[in-house]
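Protein chains in written order, with full-length UniProt numbering: chain A, 1 to 321; chain B, 1 to 572.
Treat the hints with caution; some may be incorrect.
As the list claims (entries may be wrong) - To give an idea of the interface, some chain A residues facing chain B are shown, with a C-beta separation under 8 Å as derived from the structure:
#, residue
1, D218
2, A225
3, I314
Everything labelled a hint here was simulated from the structure, so no lab data went into it.
All values derive from a computational prediction rather than experimental measurement.
Note that the Cβ used here is the ideal one computed from N, Cα and C, for glycine as well.
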Amino acid sequence: MIRLLSVRLLQAVLVMLAVAAIAFVMFRFVGDPVASMVREGATQAEKDALRVALGLDRPVLVQFGNFVGQVLTGDLGTSFRYQQPVTSLLLSRLPATLELVVVATVLALAVGIPLGVLCALKPNSFLSRLTQATTLVGISMPTFVTGLLLILIFAVNLRWLPSSGRGDLVDLGLWQTGFLSLSGLKSLILPSITLALFQLTLIMRLVRSEMIDVLSSDYIRFAFARGLPRAYIYRRLALRNALMPVVTVTGLQIGQLIAFAIVTETVFQWPGMGLLFTNAVGYPDVPVLAAYLLFVGFLFVMINMIADILYTFIDPRLRTR
Amino acid sequence: MTDTTTPVLDIRNLRVEYPLANGHTLTAVKDTDLLIRPGEIHALVGESGAGKTTVGNALMGLLQAPGKIVSGSITIAGKPVDLRTGRTEGIVPGRDVGAIFQDPMTSLNPLFTVESQLCEGMLAHLKLSSKEAKARALDLMRAVGIPEPERRLGSYPHQLSGGQRQRVVIATALACGPKLIVADEPTTALDVSVQAQILKLIRDLADERGVGVLLVTHNMGVVAEIADRVTIMQNGSVVESGSAREVLTAPKAAYARTLIAAVPPIETRLERLPVPSEETQGTLEARAAVRRKSTKSETGSRDDAVLSVRDLAVEYGGHSLFPGRKASVFKAVKGVSFDVRRGEIFGLVGESGCGKTTVANTIAGLVTQSSGTIDFLGTTLGARREKSIRQSLQMVFQDPYSALNPRLRINAAIAEPILFYKLASNAEEARQDAKTLLEAVGLPADAGARFSHAFSGGQRQRIAIARALGPRPSLLICDEPTSALDVSVQAQLLNLLKDLRDLAGLSMLFISHDLAVIRQMCDRIAVMKAGEIVELADTEALFTAPKHDYTKELLRLAPSLDRILSRQSALG
Chain A
1 MIRLLSVRLL QAVLVMLAVA AIAFVMFRFV GDPVASMVRE GATQAEKDAL RVALGLDRPV
61 LVQFGNFVGQ VLTGDLGTSF RYQQPVTSLL LSRLPATLEL VVVATVLALA VGIPLGVLCA
121 LKPNSFLSRL TQATTLVGIS MPTFVTGLLL ILIFAVNLRW LPSSGRGDLV DLGLWQTGFL
181 SLSGLKSLIL PSITLALFQL TLIMRLVRSE MIDVLSSDYI RFAFARGLPR AYIYRRLALR
241 NALMPVVTVT GLQIGQLIAF AIVTETVFQW PGMGLLFTNA VGYPDVPVLA AYLLFVGFLF
301 VMINMIADIL YTFIDPRLRT R
Chain B
1 MTDTTTPVLD IRNLRVEYPL ANGHTLTAVK DTDLLIRPGE IHALVGESGA GKTTVGNALM
61 GLLQAPGKIV SGSITIAGKP VDLRTGRTEG IVPGRDVGAI FQDPMTSLNP LFTVESQLCE
121 GMLAHLKLSS KEAKARALDL MRAVGIPEPE RRLGSYPHQL SGGQRQRVVI ATALACGPKL
181 IVADEPTTAL DVSVQAQILK LIRDLADERG VGVLLVTHNM GVVAEIADRV TIMQNGSVVE
241 SGSAREVLTA PKAAYARTLI AAVPPIETRL ERLPVPSEET QGTLEARAAV RRKSTKSETG
301 SRDDAVLSVR DLAVEYGGHS LFPGRKASVF KAVKGVSFDV RRGEIFGLVG ESGCGKTTVA
361 NTIAGLVTQS SGTIDFLGTT LGARREKSIR QSLQMVFQDP YSALNPRLRI NAAIAEPILF
421 YKLASNAEEA RQDAKTLLEA VGLPADAGAR FSHAFSGGQR QRIAIARALG PRPSLLICDE
481 PTSALDVSVQ AQLLNLLKDL RDLAGLSMLF ISHDLAVIRQ MCDRIAVMKA GEIVELADTE
541 ALFTAPKHDY TKELLRLAPS LDRILSRQSA LG
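This is chain A alone, in the form it adopts within the complex:
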């Protein structure tokens, strides 16, 4: 167990170093930082002085070392566009995205797993046919169409829910949450449904096919041969086996959502990291892009590691290896 963890950690560090290298290359070669920082009409001597001050005259490896060191202390540079430290920019946007993603994921799991089980157990019932058909439509529609449709129905016509923004926020020091106010919660509903729909379909279909596989396995037949109650067999013996791949997929999906909630955030004018990123691409705000790259890499590495650890808890076969 400890060996497994240490191997995983080492791998994570290697991956992060590779990502950092790419981010570093971006810094150096996408535009000249000196040119973008000096005032207009600066002399060559002034430029050189700035170059030395920034450490850009030193060997590449030393520069990379410095870069990694800075990143580790939380210094991700200064945004070209906002003239603010990138770290604080990211942190101010992070809560919005994280809250949206957490709600969407919980929604996808809470609805997707039971529906998947239902479709596996009663493939011919009306409800499972309806589910299969509607989720197919849901998955084939682009996110922005779903979002716009929801806005049209619930915000414009029915006027039940707000169409954009996060509503009233409660400040918890570093974190601004929308969970603690009614308008904040209301604002979460439409974007999280939009974001969850694709995930939900994926999880539903995955659970369904896994469950069908597991139900035809010998150990489930053996459980029936022992006359165990049906509900017990489905709920405890079969579902646990069927959920194994769901852990991996959910993990990866959470990463996907945080990193690429861009479309949904744009549709709902959600002040999250997706918007920050889209704006940075247009500008081009290189420090923000590099920081974003690092952040997304870090996220995926962490989530994968957590999924692996969860796996060993669910599957005893992995513990002894």
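Given the coordinates of chain A, assemble chain B onto it according to the supplied hints.
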């Protein structure tokens, strides 16, 4: 205490049907009677598709969806089963009937402990408290002979060996004190030594607890070893039923006779195994054609080694993330040396995990050895092999179901390697070759236009052999070629392989765990244990005067029809 008069199972006129999609019905079981008394082991024998497993499933209420009991009655321990629903509603599976499945590797849930799986039935049926259930689970673990039962209760299935798992399965089947146990091929997936132990355990349980056992099997040796009574089924009907001695020594029905005769004997070597249908004239002509093509310009006496393996060692694992530190290494093969001579069938025999398949895979180039050399036709084989070498070395795999590409027509599957090695000048010629090969392995020439799913297991294995013969190999590696097949089909295939050897001058490396099959097929044999060859000798010498203890042990434990029957008649 145990009621010794009421039969634990009484089946009368059972008929099970499966409605098919085209409106017809398939009668899986018809007019079947079966009677089992307490303490009796009743073997239900037949080839695949005979309906023996359906009988077991029917009485446990496990029939697959469209299948249903149409008529007849089933009474378990005096209680009639409600047949209106096609289910055993009067009977609680698990409490009245215990089940033992074929493969202990898959019949236990990998995510739950032994204790959890043993106790759940008792909690559900006997309404025991979890403490009582645990105490009973401990007793059961002792009864089925699992060492360190306290510790093993907390184990997960993957931490147990195959034999131990099957013991746990048996304990689970016994958990609620059933009168009847349905054991469907309980030892087929196990090694002979483990098989002997499990059979003894089942016999003891029947004797001591008075449990009736319905033993579904295709293995006549197993039947001879423990069964009291035997029922032989063919195409859903009972063809013969009686005491094990009578049926096995003097079968009356013609089918029963052929079935028993097709069992390869371990005591003697037969030139050919008796099979119902022999080859036609067309087959013989086709074989002659194959022979003309296969005979190469190679000259050499029979004593020349076609293949020569020296000090072969294969290790798995051993790659560590940290340089300089060796991760745990599994030595699958530890220094094996042998020769395969021209025109010889060389046998490799051993229990699962002994490394025999690894040896075959290494020779075929599917695995790379860590040390040792393989010389084939005078060339030392390296990691990269010449096309001509790969052509001369072909392989037949164990499972005919997964060895053929389901999306290729049989003609195309056989012609593919012929074209690849440019043994035919065009596609038409390759197709003709494929046709000849199909006839040579005893299949109709028009079989080539179909896909593999249209064929039975035995036919598929014939196709696999035809495909392997296409590139005109010098050495054919057969890895358990018949262990997935029924005995009568096995007999036909073994005859076919022998014929091909005689006729095409083919050498073979023949791998099997079945000593009787090995005896029928091989000229010389190497016995493997834990990655090493413990004995290498001529077949007759090995079987009549084994030298190594392990060989003696294997021979002693192999279930044998004749030996058991002669022992029984000596006693009674």
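Cross-check of the supplied hints:
1. Contact between D218/A and chain B, as hinted, is supported at the beta carbon level, the nearest pair being about 4 Å apart and thus within 8 Å.
2. At a threshold of 8 Å, the smallest CB-CB gap from A225/A to chain B is about 4 Å, leaving the interface hint in force.
3. Using the Cβ-Cβ criterion of 8 Å, the hint placing I314/A at the interface with chain B is satisfied: the shortest such distance is roughly 7 Å.
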